[in-house]
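Participant: Okay, here's what each chain looks like letter by letter:
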Amino acid sequence: MSSFDGLMHGFAIACTMQNLIAAFLGALAGTLVGVLPGLGPLGGIALILPITYSFDPTTGLIAMAGIFYGAMYGGSTTAILINVPGEVASAITCLDGYQLTRKGRAGAALTIVAAGSFVGGTASVLGIMLLSPAVSRAALMFGPPEYFAMLLGGLLIFSRISGGTLAAGLFPMTIGLLLATVGQEAVTGEQRFIFGINELSPGFTLVAVVIGLFAVAEIMHLVATKEDHIAPVSIKLRDLMPTKEEWRRSFWPMGRGTLVGFVMGALPGPPSSMSSFASYRLEQAVSKYRHELGTGAIEGVAGPETANNAAATATLIPLLAMGIPFGAITALMMSSLMIHGITPGPLLMVNYPDLFWGLIASMYIGNVMLVILNVPLVGVWVSLLRVPQYIFLPMIVLLTIIGAYSVNNSMLDVWLLPLIGCVGFILNKLDFRMAPMVIGLVLGPLVEKHLRESLILSGGDISTFWSSSVAVVTWIVVLLVLFLGYLVRPKEVAADD
Amino acid sequence: MKNFTRRQIALGGGALAGGLLLPAHADNYPQRDITFVNPWSAGGSTDAIVRQYSKLMEKVLAGNINVENRTGGSGTIGVGSVVRAKPDGYTIGYAGNSTLVYQPMVMKGLAWSKPEDLQPLVKLNSMPTLLAVRADSPVKDWADFLKDVQAKPNQVRVGVAGLRTSADLEMQQINMAARTKMRIVPFTGGSGESVLALLGGRVEAMAGYTDGLRGHVQANAMRVIAVFQKGRYEPFPDATPVGDQSGFTSATLLPACNYVIGPKGMPKEVLDKLVNGSRQVVTSDEFKAFAQRAGLVLDPMGPNEVRAELQRVVGTYETLIKYLNANKS
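Chains as they are written, first to last, in numbering that gives the first Met the number 0: chain H, 0 to 496; chain U, 0 to 328.
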């Protein structure tokens with residue numbers, strides 16, 4: 000059946016009472032799960048998995064997809080309001096989102112996030128519908144040497160992500176890379192630097208590090224400087240809504256974010272959490288207002304949040320088009336399909352059109368539901384900010400501790416918080432940037448893994464890194480981005496405009 | 000998931016504290032939630048089996064079972080936590096033969112070193128390793144493949160989902176038995192990566208399991224040319240059973256076998272309930288239907304038979320490790 004027929008058929012399925020409720024509950028649960036730091040969409044989906052057995056597979060998938068993109072939205076709420084990222088992907092939103100809150104524009108930021116998430120998610124669903132076969136073919140063109148080029152390039156390109164001098168980014172990135180070497184090495188299974196502590200074998204828990212770095216360090220900073228948290232916040236609707244100017248400035252970042260997020264989500268190699276970082280970096284390179292990034296520019300929120308919803312939706316492509324799950328979340332979805340006796344594979348669209356089109360239609364509906372759910376909630380979230388600081392800060396500390404513990408039920412993660420918090424506090428004082436540290440932690444192990452896999456595949460022959468045309472093109476693009484960025488820059492709006 | 004369970008237990012803390020002081024009363028076991036530890040990450044072949052087992056076991060035991068994923072160390076972290084748990088029947092777990100027998104031979108400081116150090120409850124299934132090639136590959140069947148590998152030492156690449164996983168060990172066994180030199184490439188991101196590598200032509204073959212391959216075979220993107228077991232394998236009847244070929248004894252065949260285990264020293268009544276309940280689950284029609292859909296080979300075994308099976312594998316692994324160390328690949 001043609002795409003259009005399929006979609007209409009899908010809407011018929013998605014609009015049954017059961018599936019509508021599943022989409023709503025999924026989006027709601029996802030938002031809540033995203034807001035809570037620590038517990039992520041993976042935990043949420045694992046929780047509802049047994050419940051989905053009693054329903055038909057389409058309903059189950061709809062609920063799980065709802066949790067996934069709901070969490071991408073929810074994670075940014077705490078990132079913006081209290082500098083506590085709900086997910087790794089929301090860490091970059093802390094940069095400008097929190098600054099916007101301090102300027103009194105929290106409501107506007109949250110609304111832009113809602114809109115951006117909708118745009119990114121919806122456009123991405125369109126992409127799935129129309130581009131799945133093309134994306135699958137493209138995915139086959141990338142192997143370990145190509146991903147090595149891409150991710151190493153990413154490391155270099157992202158080192159400037161928070162502005163500042165080269166050292167301000169590279170030094171924390173190196174710390175992140177070093178931290179990433181702790182634990183069991185992926186290819187050979189060797190334990191590195193665990194010093195006998197078996198809990199360290201999976202490495203430092205990423206979420207705990209991110210929370211420590213952003214949230215705990217910021218709390219330490221607030222206490223140290225005895226600053227007032229945020230200017231008295233009004234909850235008049237006018238102040239909650241973004242101004243025309245803010246909408247205008249968000250337009251192109253949302254568009255760029257959608258593209259970046261879709262590509263990063265659809266390709267198996269780059270982790271989808273990096274989509275928001277990539278979008279931020281892109282804004283840094285091409286936006287007219289890039290000099291404001293880091294001090295509360297709306298672009299720093301619009302782009303990344305659009306990107307991460309686009310990416311979350313696009314990660315479904317390898318699963319739906321090829322039956323290959325990348326990442327634990329899509330793997331869980333595949334598991335649920337298998338329990339129902341459905342074998343995901345390239346023929347999924349053909350053999351189970353109800354499932355495929357029903358899911359796609361439901362994602363459109365789910366994105367609409369997210370917006371309807373969350374825009375009214377913006378006022379609720381913002382009013383939380385009026386709580387006096389001496390109550391608010393301990394609450395946040397409690398939240399971060401529960402969040403860090405909830406990931407692995409491990410006290411080690413809780414101890415990480417003050418440790419990494421101190422590191423972050425010191426880095427801040429010395430004017431280093433923290434986002435590159437997260438990037439080092441995430442991309443480091445992947446770069447190493449692809450390097451080793453490439454060499455194993457080629458039997459030690461180094462020329463494998465430039466022998467395929469895709470690899471060469473990737474290197475050229477990386478070099479272009481790195482160097483041309485210095486030579487050709489789009490016109491910047493003058494700082495005193 | 001873990002959050003809520005913890006809170007529930009905390010709320011009932013007072014009552015439970017008293018209850019925990021008493022030995023587990025078998026007549027009303029289980030009195031609280033049982034934790035089932037899955038040492039592999041959520042999603043993936045193990046997850047489906049684990050959840051199916053728990054679902055059915057909950058009914059048999061009339062209790063609640065919470066599946067917890069405790070990953071890391073090729074399964075040793077999760078299995079270690081089960082072996083070290085209090086033997087009161089409230090912590091059991093899932094373990095494969097490679098984690099149980101192979102890992103202690105190459106890792107230090109694990110909570111167990113021989114099969115006697117833990118309590119097997121039941122054998123869930125075995126999954127024979129399969130060898131697949133791309134549909135357009137010039138290799139037509141196992142005989143072709145063997146000739147190819149013998150003629151081109153160190154050139155034929157076979158992808159597997161991770162170093163020293165059952166599929167990897169199986170292919171190393173074949174290298175040892177047939178004196179070939181296949182280049183075995185571990186992809187650490189799970190079978191999905193090796194599938195992509197095969198489809199993209201980066202490896203010539205891959206070793207994996209039914210659930211990861213079936214969809215692609217149906218779509219005519221891949222062909223399964225061999226199955227490492229004796230006798231025909233229903234999901235892929237055209238695959239050559241290598242166990243029937245000359246030169247490959249049954250010692251060469253290392254199917255991934257999965258068991259449910261518990262810590263040593265559980266009280267007899269609790270142990271009996273778990274063993275009998277598990278046996279009921281794996282022989283039930285529902286489980287059989289699930290196994291058929293997922294391509295699992297059911298081979299119900301009780302604790303003693305499992306111990307014997309694990310012991311047999313010890314010798315195989317010891318020989319394999321000697322070979323691997325000698326040929327540092």
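These aren't lab readings, by the way, just hints derived from the structure by calculation.
Please note that a few of the clues may not be correct.
To be verified - Pulled a few chain H residues facing chain U out of the computed Cβ check, cut under 8 Å:
(1) 185
(2) 267
(3) 322
(4) 324
(5) 393
(6) 443
Ideal placement from N, C-alpha and C gives every residue a C-beta, glycine not left out.
Participant: Hint by hint, note whether the structure agrees.
Facilitator: Evaluation of the provided hints:
no. : hint : result
1   : 185  : holds (4 Å)
2   : 267  : holds (7 Å)
3   : 322  : holds (4 Å)
4   : 324  : holds (6 Å)
5   : 393  : violated (20 Å)
6   : 443  : violated (14 Å)
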